[in-house]
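Enquirer: Starting from the given sequences, assemble the full structure and let the hints guide the process.
Line by line, the protein sequences give chains A and B.
Residues in the first sequence are numbered from 19 upward in steps of one, following the working numbering.
Residues in the second sequence are numbered from 19 upward in steps of one, following the working numbering.
Bear in mind the hints are in silico, worked out from the structure with no lab data behind them.
Treat the hints with care, since some could be wrong.
Any copy will do: because identical chains look the same in the list, a pair fits if it lies in one copy or spans two.
[Claimed, not checked] Result set (EDC-like, lysine to aspartate or glutamate): computed pairs, CA atoms no more than 16 Å apart in a straight line:
(1) K364 with D313
(2) K364 with E90
(3) K97 with D374
(4) K364 with D295
(5) K97 with E138
(6) K364 with E339
(7) K364 with D238
Protein chains: 2
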Amino acid sequence: MQVLVLGAGQLARMMSLAGAPLGLTVRAYDVRTHTVVHPLTLENYQQDLATGLNSCDVVTAEFEHIPQDILEVCQASGKFLPGAEAIRIGGDRRLEKQLLDNAGVPNATYHVVNTETDLEDAIDKIGLPLVLKSALEGYDGKGQWRLKTAQEMPQVWQEIEAFLAESRDEQSIVAEAWIPFDREVSVIGARGKDGAIKVYPLTQNHHESGILSLSVALTDAEALQKQAVEAFEKLSNKLNYVGVLAIEFFDVKGKLLVNEIAPRVHNSGHWTQQGADVCQFENHLRAVTGLPIGDTSLVEATAMVNVIGTDNIPVQIHAIEGVHLHWYEKEKRSGRKMGHINVAGKDKQQLKQRVDTLLKLLAKEDFPGLHQASAEML
Amino acid sequence: MQVLVLGAGQLARMMSLAGAPLGLTVRAYDVRTHTVVHPLTLENYQQDLATGLNSCDVVTAEFEHIPQDILEVCQASGKFLPGAEAIRIGGDRRLEKQLLDNAGVPNATYHVVNTETDLEDAIDKIGLPLVLKSALEGYDGKGQWRLKTAQEMPQVWQEIEAFLAESRDEQSIVAEAWIPFDREVSVIGARGKDGAIKVYPLTQNHHESGILSLSVALTDAEALQKQAVEAFEKLSNKLNYVGVLAIEFFDVKGKLLVNEIAPRVHNSGHWTQQGADVCQFENHLRAVTGLPIGDTSLVEATAMVNVIGTDNIPVQIHAIEGVHLHWYEKEKRSGRKMGHINVAGKDKQQLKQRVDTLLKLLAKEDFPGLHQASAEML
Chain A
19 MQVLVLGAGQ LARMMSLAGA PLGLTVRAYD VRTHTVVHPL TLENYQQDLA TGLNSCDVVT
79 AEFEHIPQDI LEVCQASGKF LPGAEAIRIG GDRRLEKQLL DNAGVPNATY HVVNTETDLE
139 DAIDKIGLPL VLKSALEGYD GKGQWRLKTA QEMPQVWQEI EAFLAESRDE QSIVAEAWIP
199 FDREVSVIGA RGKDGAIKVY PLTQNHHESG ILSLSVALTD AEALQKQAVE AFEKLSNKLN
259 YVGVLAIEFF DVKGKLLVNE IAPRVHNSGH WTQQGADVCQ FENHLRAVTG LPIGDTSLVE
319 ATAMVNVIGT DNIPVQIHAI EGVHLHWYEK EKRSGRKMGH INVAGKDKQQ LKQRVDTLLK
379 LLAKEDFPGL HQASAEML
Chain B
19 MQVLVLGAGQ LARMMSLAGA PLGLTVRAYD VRTHTVVHPL TLENYQQDLA TGLNSCDVVT
79 AEFEHIPQDI LEVCQASGKF LPGAEAIRIG GDRRLEKQLL DNAGVPNATY HVVNTETDLE
139 DAIDKIGLPL VLKSALEGYD GKGQWRLKTA QEMPQVWQEI EAFLAESRDE QSIVAEAWIP
199 FDREVSVIGA RGKDGAIKVY PLTQNHHESG ILSLSVALTD AEALQKQAVE AFEKLSNKLN
259 YVGVLAIEFF DVKGKLLVNE IAPRVHNSGH WTQQGADVCQ FENHLRAVTG LPIGDTSLVE
319 ATAMVNVIGT DNIPVQIHAI EGVHLHWYEK EKRSGRKMGH INVAGKDKQQ LKQRVDTLLK
379 LLAKEDFPGL HQASAEML
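Expert: Structure follows, in structure tokens:
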């Protein structure tokens, strides 16, 4: 079977590696260059999207910010899973918040803002402080604001107005209650064509400068896991979802509020390559090709360290038991996800020892905040 | 780093999949078509051997029956590991038996036979029954005889004489004592450039019509493991070997006699993809590229079933926990290795349950002898 993935980045690459043993061939449609390539070798198959869609059995996506016209062509093929609606929702904060409310899944109160009056209404409705996020993808890292006091409003509105003026027509801002969370966690699960669902253990995540830095699979979070599974079931059933879906939560004193969803395999699920019998990449492919979903239970205590903007990885890390590098073979660029390192151990203590050994080998300046985050989470 | 593999079959394919996460790019030199291809996608890089050797950092091999001229060119590149000598020994029974004796590793008594007189000498020296094997690769499955009684000698000699007449000049026959073994076991290990050695647990193997059918990693064979590790150390140190080396043994009442060696990753080590933290494919690449050898200890009780000459694999097998298909995407042909299925469980009992569940789904006619072998070995 052949699977076409929209997007030719590391997620398509890792799907390709996970699918090959099952005889599932993955090709990638690069939405920037409009070419069909092999996500591992980057061989160009000299196909356009229409030909790529004709050749494949299933089309899926590795990201959600996909132009509307491409989504429509894929949807029209009748082969698109999880499908245009789910991808669109994942890429539009307004639709996402609507879905969360419709599915009855706890999330922060919100109000859509297009005008200064809308922003005033948002303050009335939600109170301060507020977080303001662009509904569609921001550009150049822009598109997010904090509004703490009424005095800041004119300045913040001025910035938002300029942002909206420069954005595409359909852009809006979603104002949300600021959540005083204890930690960020996420859950990854898969739903099959038959509606069968399997969910991995919750993952605790640490972000540094807005980019995921460290994920640790939780081994002792039964009550939280129950809430996460319930949210996963409600959302994926509501969407009649097929594939892997990621849900990011705020943990507020033991109560999970959904922050956002991603209709795809997710960086915070990379640890499943070591810590579960069947990883998220294989399970996504299993789901969209109609195979049974594989086992998602935790096999070993596992953590994942993202490698961002550096290729300075000493070979000695390979001598640490339970340490596995996953390199994306991308050109080095500041802030770019270059690879990740999974670390596993028979229990949390052994995991911590191995992560500590790893951190001693990694240059601190290349992994800012990691030592502290690791000390707090492990 | 780029690794060129001599041979473009499933072993190169699985090396490619194992190397990609480490940023190790594997290309394959197909010795039949004299082209450099990607072992997964079969993309043709339009290179000859010389260009392929220039482009790569290391050259290695997935099989040992490689023409002498190719071995010489590779050796001259200064990049060949484990190198021409080890490959040549693995492909020539005479050299192999010499090595075993020189390294002081127990093996069956032998005598090289080129003439009828040699055969008579062999009977005198070794006694009957004898096993007679072509020193170099046989053709069309020919090249092996059993000599049980002196009366059979004229007939057997006639066949051997005809075989030698049709063979290449350098062909001989190696006469060996027939070993009344209890079972066949093998060991896979890796030796690094620094001489560091790590050895996987012994594997018990069942062959059907001369092709490996079932392998089970042994969990309770401490005394045998000690002998296997000793043989591995003696042989690999003697050769100053770098890479993964496989050794097949006869288990004769708890004493291991080496049957043969393979200077490469080996079918009886495919279970390491599930049952060990670092599989044989990754460890071979780690060794030849100078990375530290990864952990070879047993993580789970594991077995491997070869899929031979059939593509009749029901999708329901993917619903069994711990079952992993590894498909080679080759055209179906009788007797051809099409893929393998690894099965793992937390202990031998769970492994047996899962293998039993698997066997119920596989057509008996496609897996002859497997039910009985599994009942005996698990």
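Enquirer: Could you run down the list of hints and mark each one as holding or not?
Expert: Tested hints:
Proximity of K364 to D313 under the C-alpha cut-off of 16 Å is restricted to the inter-copy arrangement: shortest distance 14 Å between copies versus 18 Å within a copy. Taking the shortest alpha-carbon separations for K364 and E90, neither the intra-copy value of 46 Å nor the inter-copy value of 46 Å comes in at or below 16 Å. In this homomeric assembly, K97 and D374 never come within 16 Å of each other (Cα to Cα): the closest approach is 45 Å inside a single copy and 36 Å across copies. For the homomeric pair K364 and D295, the shortest alpha-carbon distances inside one copy (14 Å) and between copies (12 Å) are both at most 16 Å.
Within a single copy, K97 and E138 get their C-alpha atoms no closer than 44 Å, and across copies no closer than 70 Å, so neither meets the 16 Å cut-off. Within a single copy, K364 and E339 get their C-alpha atoms as close as 11 Å, which meets the 16 Å cut-off; across copies the closest is 20 Å, which misses it. Within a single copy, K364 and D238 get their C-alpha atoms as close as 14 Å, which meets the 16 Å cut-off; across copies the closest is 21 Å, which misses it.
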